[in-house]
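Novice: Quick note, the sequences are listed as chains H and G, same order.
With the numbering used here, letter number 449 in the first sequence gets 449, and the count goes up by one each step, no holes.
With the numbering used here, letter number 469 in the second sequence gets 469, and the count goes up by one each step, no holes.
Wrong hints could be hidden among the right ones.
[What the hints assert, rightly or not] As a list, the in silico DSBU-like pairs of lysine-lysine whose alpha-carbon atoms are at most 35 Å apart:
(1) LYS163/H - LYS444/G
(2) LYS297/H - LYS428/G
(3) LYS448/G - LYS33/G
It should be emphasised that the hints constitute simulated quantities derived from the structure, not laboratory data.
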Amino acid sequence: MNQLDFPILSLMLGLPMLAAIICLFLNAQAARLLALVTTLALFALGIVLWANYDIGGPQWQYVERVELFGNFAWALGIDGISMMLIMLTVFLMPICIGASWESIQNRVGEYMAAFLFMEVLMIGVFAAQDIFLFYILFEAGLIPMYLIIGIWGGANRIYASYKFFLYTLLGSVVMLIAMLWMVQDAGTSDIPTLLNYDFAPEAQTWLWLAFFASFAVKMPMWPVHTWLPDAHVQAPTAGSVILAGVLLKMGGYGFLRFSLPMFPEASEQFIWLVFALSMVAVVYTSLVALVQQDMKKLIAYSSVAHMAIVTLGLFAFNRQGIEGAIIVMLSHGLVSGALFLCVGVIYDRLHTREIDRYGGLSINMPKYALLFMLFTMASIGLPGTSGFVGEFLSLVGLYKVNSWVTLVATTGIILGAGYMLYLYRRVAFGELVHEDVKAMPDLSAREMALLAPIAAVVMWMGVYPESFMAPIRGDVGTLVARIDRAAPEGDAHLKMGQATAVPRGHEAETGHGESH
Amino acid sequence: MDHKLSLIFTLPEIILSVSGMILLLVAAWGGVKSARLISILAVAALFGSSAYALEFLTNPSFEFGGDAFYGLYRMDGFGSFSKLLIYFAAIVSLIIAPRFFKDSGTYRPEYPVLILFATVGMGMMVSAVDMLTLYIGLELNSLSAYVLASIIRNDVRSSEAGLKYFVLGSLASGMLLFGISLVYGFAGSTNFSVIADTLTGDLSTGPLIGVVLVLAGLAFKISAVPFHMWTPDVYEGAPTPVTAFFASAPKVAAIALTVRVIIDAFGSQTSTWQQIIVFVALASIVLGAVAAIGQQNIKRLLAYSSINNVGFLLIGLAAGTAQGISAMLFYLIIYVAMTLGSFICVMEMRDAEGKPLESLSSLAGLSQTRPGLAAAFAVFMFSLAGIPPLFGFWGKFLVFDAAVAAGMLPLAVIGIAASVIGAFYYIKVVKIIYFDDPAGQIAKTGHKTENGLIGLMALAVSPLGYLTIPLLAPVTATAAQALF
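One chain only, chain G, in its complex shape (with noise of 0.2 Å):
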């Protein structure tokens, strides 16, 4: 194993990890002013890190990958992927947070530093082949979110979710601790291709039961029906860019986790835990669809539809093929822009002061106070919804062509049929904001950096979408094909 390869492979990593060290000395030193800088150059860090990864999932003498650090981590198409949607989330994340912070005078440098660590571990996570990799970067990432929600520390519900949040996911973590070991200790090793070849066979109770329990805490970590409890919580109380984020890179990088931990490590148990996900996934469509209903809260109300889109994404992860992996990976580049759409929207609702404003009747009117806003809403909830012709009806039609394609006949029409519910309360808020009298609470202007975001998201939702499907569709396939 040569260590030059191992470094270079791992080079999105290292650029984010040492330059997250050095800003965090520099806020050390720099104290509050250094915000602005080190959001700055963490952006730029970000920056460079894609172009690795983007390197590597396009230049063809990568097309293979490689193993670093003895089959610790991997770079291959897949990774490398996820990777390039994780950091575009992040740097989104970044750019819209000091809008947000300066209203409420709590805009800190560890901010940045915060994303970019748990960046890393996000980096980490997509491309663990190991479970002790999976592990750690699993934990660097939780570990700064848990801070990142409760970044406001003066306010109690942001320090109540990062509270919730900690408790909730230590819990997890201890389960996946759990099962990893179960695992291990009836397999011989952590390493993913050597449990995928010991792991054969009907499992013993042993080895089940580890492997439900690293399902169960990667469930939590994807907000998955039944180990979804903290997302409402947390999304309601974290700030709203930390929401965004949330929403978006920690979900990529969990659900690329989750992908590659079933096909690659337990890829022989497909029995096991094919009826796992299959119950997940449908009971996350449902519980995500019927909660959100009665939700008078904008962020409740979103993160019961990550929820439920959560399920549509595993519908692809059960099928269990090449094409179905290709379409969860596309679906997320929608779901991506979609999530943060809506919450850059979010952030767009204050009153004239400033102040933050988060119940669904604050928005009653909107169309006729801001219209490019309200349109922008709209176009985000019809797409959550998954109604054509906008962009995110393409998420939901391939993976339920991949159900199809893999016989799951029963479960693609079970799920769409739920997605009618789930279409409910999205255009519940359409006609809040298209039909009701105007409740006026809402700022005229907007902000320009906020509002360039929500139009080129729109933009990117919107029907014109349909045109990348031909440059999107062979990466995807590629970034699948990884795995196989």
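In isolation and in its complexed conformation, chain H is listed as follows (with noise of 0.2 Å):
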């Protein structure tokens, strides 16, 4: 069956539901424990999963293929793209289980089973390998996600929870139609045999547009982001780091799985489109990041810039942007993730979120202040940390196809550097003028217990992106052979003389730049 004779996939699924199911009869501390010892053990098998995996191996790894369901199969396996995210998934769940330990207190036993049946979904889906049981698993998020943001979010929670709920829906139906159309074209529903399925590029349009309407949602690019600030700011701080941690995920691996591949000349066709979009989404979302007063909000706008850099690496149709567009996805899921958990922290104290409220608190907080620092510095690209081998990779892909769109992205980095660090000045330094302020504890063992590991693998990422790009360089390379047909000619037309000393190594990946 595979490398460990065992359907570790399926049991990632099973357990967490499992758990889900047992919370809604347990009372508030049991269901806590209970969420918090099935996530870890998830995070454990996940690291099963990465040590067994075999880099190099075959394409699809843990294969599990059940005719289950007639028209559709439970198929599951997973590439390294797919197990960098499940790996991002399961690292995430237990903090977020974790933070919610003392700021959620009503119906504990629903919300624990919300998290753990959104965990399947988000393992789920980036392990299907049904194109029909990825739908399922991708739509039904819905549910729980809407439920989390809908209870025990903030005071404007409904209409948020509508909007996330109605924005998302509208996306994907018409996604729906596409897969159908490609399926009864194709005549089978398995991924990996879709991968390589050669759609008429008059078709590929239509399917290609069907996609983007759901992806571009989910990423979100401009100008269908708004549901996100709404949702970020009403969720409860473990909701917001799902979201912008896995769930805005889905739009990229959906980019990368179906998309690209599947469309390669229609990915070509639009690539205008992405480049427009999401050059507008750096500079505008940039800039009205800078203005916000509220902080979650800040950092959903900045997460639609960062996302904007990922479509941008990942339609440069080369090595370096793609590799680069998923270390960010990867660095964002963290980041993001971990600066929504430091938002969260001095909400618990003050209950407010106003940044002016704010200010000082590098004085009686400096351990919070120290790691705060780090992940602003993540976000906004310093070397050393995750974010910047990521953006580096994605730029430098983007500017073998495009110069001028390069440096609009760029100029990205310089706005996030802004915001960023505007919002540390005003939060962390400063006097410290309010007293309820001056009285705020510096952070708890469990908050350090959050935070520190995200620290520790943001930094590791910076330091030695090489663990973290070696499961996926392989599947990478595949990709880009795959969509080399219809890669876009660069703007650069470089005249080089003979090359003598043209590195050997990634044979898949034939720059314009050096051919011409």
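Bring the two chains, given one by one in their own frames, into a single complex with the hints.
Specialist: Shown next, in the form of structure tokens:
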């Protein structure tokens, strides 16, 4: 069956499902404990998954397939990209449970059940190898998230939950029709087979647009991003972490898994659209972030800007761009998650997210200020943190395709530094003017335990990204080889002499700059 | 034509009509006290008929079906399948009724008897291959239904619902009959296959009007837009178990009947009926979704929801293929489970004195007082909205799959986009149940039978339902194939 002779992916879906059902019948403390134990067990299983992953082995590993549903199958399997995203999920989940330990006091059993159910769906989305199974799990995420925002959210939670639900639903339904058409055309719903099936270029145009509608909303891309700030602001801290950390990655994963390899010609055809929307997003949402008074909103807008870097990298059609985009996805998952946790920490103490109510926190909360600064720097993309690796690679990849777009995208980094440093200055520096802020205690042991692991991984990814890039390298190579026939011509038109010392090793990637 | 064979083929109807008549006599002599006994016997009779329907559906020697009574009635997989669903819905409507009527002291033995007669009528409807059988079955069902709607005769709303249903229903029957007579006049026969053989090529105005009027009459019975007006009023006014019955069994019967008329009798006129069905389907989806938004009464809301679902069902018919019909039949199974489940949930909405509540606001915060009921309600709402992973999604999936396979992409895209509008009011109900502060109007304890049935239905539309696909898909495919 697979290298473990054991359906580990099914176990990773079944375990939290079972725990979620049990949680509904437990009292508050027992539900918390069960959720924590389950998510930690899943993290351990995730490590088993990674440890046994055969880098350079077959593209799809841990494959399981049971013809369970007639029209579609219970087909699971992961490649390196899916594995890294599953790792991100199982890493963030125990932290989310920990972040809700004290701040959630009512209906704890249901809350934990919703989160565990959410975890089932997230792992399932990344592991699904049947296109309909993918769709079901992808859409099902709406239900627990709707409940999480609506029940445990802030004052304006009803509006935010409606907006989240209807926006994402509207984006996704047309994708279903496209999937039905594809499956009828190709005669299979098996994703690995579909990945190598060539749809007629005219059909690709429509299919690509249908998928784009869904993933652009999920991503979210400008101008369909407006649900995100509302959802983030109203969601409880852990909800924001999971939303920014993992749910947004589903959009990027969708582009990576469906739009690019299944419709390479259409992807090239619409490259201008993706570039245009992403450029607007980078500049516009960064400027919007600059004027926010609400910390969560600021980070939400910065997420939109970061996701725009992801789309730019993905649609660069080359190895650097795509690898960079994946690393930005992972890094953003960690960093924005951590930033939302940082907001949650002070929100739990003062019950406001308004930036002006704080100030001078580095005086009475030094540990907090230090970690907050680390994550701020990672968000900006300072070398040595995870943000730098991804953004640098994405921009390098993008530069090969279009230097003007790269120029605009790079301003996003500068603006990013602007709004993040401005935020940090207003929160952490200055005098302690407010009495209630002065009384705030520094990080508790629980909060340290939540933030420190993320900090460690952020640094690890910044200093030695090879650990995270090794598993995805082969799969990015496959993807680049698949889409190479449609790759856009670069705008650099470099005239080179006889290339004498072209480094070997990256066969799949024949940069256009070099071949000219 | 062998009379013995005819009698065997019609056994489900014979059992039901004979037991219906006997039980009517028992009711006449036994009076109100006998209501309970009669209910039990009626359920037994329905089980007996179900056994025969199941036998006809699954036994390979009946695979090709057969005509009875000189081509007036046809026993085939399609009819037997629909009957099983109808009997199931009727059984559930009988089981849930005593408790509801006991609270108001109005349980009468006529209720189970009328349900039986309505069921006989529905059995005739789904097996009819002749316009006259069709009409008799339809009227037998409708007349029983008019009385059922007003069975609480001293309740103003119930009487009003019955009267309204009667007046509008008669109008629809009139249109249907007029259509049938036109078709008969031009085709020279009331038999479906003769009609299909005669009405070919471009139709002249006469038979065209006939076809349109027949379809209009049928659209009334399935409460499709623009003939849906009676639905919210009748659903609201009729006693809840009766509403649950109306929303499930007769709907299955009327839809199956429509399918058979369209495929068997007008099968050669695809271009004529297809555009009508496409319009009716889309109009039902959109109106069912939009009009439900402002409703404050849960029964009215569910009435619009049923209009909305009929629209989705008709997409399968619009495709006009065996795949489309099979998708509709599968959708109907899920629809019956969702509808019965949500109406039984509505029956559980009573205050501490047992008085039934119907306003949406009385549901507020139900999740904190009755978590089990609230969860079931939410499951039905998400399922009716067609949100995966709940099983309601699968019905929509299948009909859209059929529409895409038949090349009707615009229909599929518009239909599915309009489903998002509908999602709004479904999640509004969930919002009231889960997000709002408790209103505390609904009694804290439920009724065992009802809770059991709710649990059963919720389990059926939960993701576990997907495991039944390999079992049910071949059955629906066989049933649909019987028409082609």
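Novice: Now tell me, hint by hint, if it's right for this structure.
Specialist: Hint check results:
Only pairs whose Cα atoms come within 35 Å are accepted, and LYS163/H paired with LYS444/G is accepted, the gap being roughly 33 Å. With a C-alpha separation of about 26 Å, the suggested pair LYS297/H and LYS428/G falls inside the 35 Å cut-off, and the hint holds. Using a Cα cut-off of 35 Å, the hinted pair LYS448/G and LYS33/G holds, with the two alpha carbons roughly 23 Å apart.
Consistency with the previously given hints is maintained throughout, with no hint failing.
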